[in-house]
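Enquirer: Here are the chains, one letter per residue:
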Amino acid sequence: MKAYKSPAIKRIERFTDTIVSLSLALLIAVFLAVCFFSDSRAKKTELENMYQKSFYELSGNMTNIENKLEKAQVAQSRPMQIRLLTEIWKQSGESESNMGQLPLDNAEIQNTTKFVNQLGDYSNSLSKKLVNGGIMAESDRQTLVRLYERCRELNESLTSLGRRIGRSYKISDHIDADSIKKGILSRFGSNFKDVEDNSVGYPKMIFDGPFSDALKTDEYKAIEGMPETDNEYAIAYIKNHFGKDVAVNYISISGDGIKTHELTFSAGDIDYYAQLTVKGCLPLLICSSTFNAEVTLDEKAAAEKAREWVKQLYGFEAECVWVNEKDGVGFLSMVPKQSGAVIYPDTIKVKLNLSDGSLAGLNSMAYMKNHIKRTIPAPALSESEARESLNKKLKAGYGRLALVPKGNSGEVLCYEFSGEYRGSTYLVYINADDGSEQDVMRIINDESRGKLLE
Amino acid sequence: MKKVFIRSLALAAVLILIFTGIHGGMSAQAKYISKGDTAQNIKAVQTKLKSLGHYTSAVDGIWGARTTAAVKAFQKSKGLTADGIVGPATERALGLTLSGGTTSTANLSNNDLYLLARCIYAEARGEPYTGQVAVGAVVLNRVKNPGFPNTIYGVIYQPWAFTAVNDGQINLSPNEAAMKAARDAMNGWDPTSGCLYYFNPATATSKWIWSLKVVVKIGRHSFAKGQAV
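As given, the protein sequences belong to chains B and U, one line each in that order.
No gaps in the numbering here: position 320 of the first sequence is 320 in our numbering, and each next residue is one more.
If you want our numbering, it's the 1-based position in the second sequence plus 454.
Hints were generated in silico from the structure; no laboratory data involved.
One or more hints might be untrue.
[Said to hold, decoys possible] Covered stretches of chain U (chain B as the covering partner; in silico rule of three or more C-beta atoms under 8 Å from a C-beta of chain B):
1. 502 to 514
2. 523 to 530
3. 645 to 657
4. 668 to 674
[Said to hold, decoys possible] Capping the alpha-carbon separation at 16 Å, the derived lysine to aspartate or glutamate pairs in EDC-like fashion look like this:
5. U:K456 x B:E13
6. B:K221 x B:E411
7. U:K456 x B:D17
8. U:K457 x B:E13
9. U:K667 x B:E13
10. U:K457 x B:D256
Using N, Cα and C, we set each Cβ at its ideal position, and we do this for glycine too.
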């Protein structure tokens with residue numbers, strides 16, 4: 001029989017029921033939260049450990065570089081110099097990599113990154129010079145001294161920041177992602193920026209490497225001296241080459257360094273974006289997406305079509321030096337010929353729809369920067385003489401004269417030979433004047449990028 | 455006592471559901487297709503619209519201005535909101551079943567090209583094709599610049615360099631447009647003539663980026679060279 005309970009007792013019982021069930025529920029929720037947060041804390045610790053490891057490795061790299069730079073100033077023998085410079089180059093690559101793993105916005109470490117990259121690039125450049133028989137000049141020694149002094153200052157700041165990190169400074173506590181989005185430095189960032197600012201006065205680095213300060217040129221030789229054109233001229237150019245009834249939408253003149261007419265137009269079902277140089281009204285860039293249609297043009301036909309386009313738009317007979325076909329799209333490299341040599345620095349890249357040979361794109365930046373009427377002296381060696389310099393194991397094919405880029409700012413006349421070895425195709429470049437091996441490239445078939453030269 | 459026990463279990467279960475619901479809801483995504491969806495889906499839409507007479511261009515799997523216009527025309531003819539986006543209502547009206555995002559390209563996960571395409575897709579999938587090429591070109595320009603990391607991976611994964619990397623969108627599969635744009639960029643196409651930065655003037659909050667001189671504007675992005683480093 002059910003016991004009789006008065007309304008008051010029932011109320012009390014209901015009240016305690018509620019309290020108990022709420023507390024139980026709360027306990028379970030708290031338990032879940034604790035599990036969640038302790039997992040989160042473990043991850044945070046792991047991350048902090050990675051940051052600290054990267055920081056200490058960076059410090060170690062920079063100390064090594066400082067030591068080697070000091071030694072390089074006294075090293076007399078070429079082999080020793082080469083060894084030290086190569087080691088510096090390797091360490092600079094690692095320090096750049098470690099710096100990239102620290103939670104710093106690029107703006108906070110841009111100067112240090114540049115210093116480290118140029119330092120490595122310069123060391124590599126200098127060591128190449130020594131390997132090729134050159135000697136360390138007085139100017140090189142001066143540069144090494146300056147680099148050493150900058151390095152030492154950088155390291156002093158890094159070491160003192162390192163001491164703070166060692167004494168319970170947590171890197172991840174000093175990062176504010178929200179302020180970074182607004183362009184304000186994180187606290188770790190400003191600590192690091194002090195490291196940068198203490199080593200001011202980075203020297204301007206001029207050498208023959210990809211990071212050299214000398215490489216920043218805004219010279220566009222191909223259009224030098226050509227008359228400036230206006231928007232009407234540009235629109236007429238497009239109508240002239242792509243069809244009188246083509247609808248052209250002129251956007252504006254834009255660009256920095258090279259001024260271009262920016263416009264879009266549609267021709268034969270394709271939407272194009274184009275940049276035509278203001279001087280001379282030549283296409284700097286034409287861009288369009290391509291169709292996934294069936295390929296009907298083979299390499300020869302594609303090269304012929306590309307030749308036609310270059311003749312029509314730039315007014316010269318080009319030689320096709322490279323074809324990369326993938327997914328119905330062909331990228332062809334077209335170059336002018338002069339004195340019997342193909343001129344690689346003046347490349348125009350043509351992108352074709354291989355279904356019908358219609359133009360999909362043009363990229364003439366290299367041509368614009370480098371093309372001039374050159375005087376190419378006759379080579380000292382004949383083709384058969386140059387062939388002597390080839391590796392005997394190589395099954396050699398065709399040979400022709402080619403002007404190729406040398407380093408990052410020069411050009412050299414070579415003989416280009418194709419050759420087979422062990423199933424791979426190679427292109428070997430022999431200096432046309434002294435028969436030395438200028439470069440060796442291998443043709444590879446990349447699954448995603450098609451035929452490449454490396 | 456049993457009543458209390460059951461009641462508290464029920465309350466706890468409700469709390470857990472709420473908790474996981476909030477957590478899970480944050481990662482759910484609506485299934486709408488518009489610019490930037492897979493070629494498969496876009497081709498299906500284009501084919502259908504072509505058969506209905508709204509779309510007259512090539513069925514190429516690329517979402518451009520003409521596809522948007524055709525969708526809008528179709529939506530108008532059916533009395534739907536003409537916004538150019540194929541949402542569930544438009545999908546039903548077209549009589550199509552669109553698939554979830556899968557890319558038709560082969561497994562290229564370790565490849566520079568594929569990562570570049572992922573970055574382009576994450577950062578610029580609603581942009582015109584040239585704008586996507588331009589984003590790829592900015593990445594490659596940074597690789598060549600001494601003030602930035604020296605590999606495509608280093609540049610893309612540099613902390614806070616790209617918002618789409620920060621918020622995980624970089625892990626989405628790129629579509630064919632992004633792959634094509636990445637290929638163009640790798641072949642040297644650079645509509646920005648060497649720019650290192652870009653921003654969307656409508657959403658940029660960083661004061662610093664506004665101080666840069668804009669070289670060219672494509673789609674929603676303004677491209678700038680930055681201070682000479």
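Enquirer: Has the region 668 to 674 of chain U got at least three residues whose CB is nearer than 8 Å to a CB belonging to chain B?
Expert: holds (count 4)
Enquirer: Within the region 502 to 514 of chain U, is the number of residues with a Cβ closer than 8 Å to a Cβ of chain B three or more?
Expert: holds (count 3)
Enquirer: Assess, step by step, whether the Cα of K667 of chain U is no farther than 16 Å from the Cα of E13 of chain B, and give holds or violated.
Expert: 74 Å, violated
Enquirer: Between K457 of chain U and E13 of chain B, does the CA-CA distance stay at or below 16 Å?
Expert: Within the cut-off at roughly 11 Å; holds.
Enquirer: Taking 16 Å as the top limit, are the C-alpha atoms of K457 of chain U and D256 of chain B close enough?
Expert: 77 Å, violated
Enquirer: Is the coverage entry for the region 523 to 530 of chain U by chain B consistent with the three-residue Cβ rule at 8 Å?
Expert: violated (count 0)
Enquirer: Can the restraint linking K456 of chain U and E13 of chain B be considered satisfied, given a maximum Cα separation of 16 Å?
Expert: With a Cα-Cα distance of about 13 Å, the restraint between K456 of chain U and E13 of chain B holds, given a limit of 16 Å.
Enquirer: Need the status of pair K221 of chain B, E411 of chain B: alpha-carbon distance at most 16 Å?
Expert: 15 Å, holds
Enquirer: Within the assertion that chain B covers the region 645 to 657 of chain U, do at least three residues meet a Cβ-to-Cβ distance smaller than 8 Å?
Expert: Contact hint for the region 645 to 657 of chain U vs chain B: holds, 3 residues under 8 Å.
Enquirer: Quick one, are K456 of chain U and D17 of chain B close enough, alpha carbons at most 16 Å?
Expert: 10 Å, holds
Checked against the numbered hints above, the structure breaks hints 2, 9, 10 and satisfies the rest.
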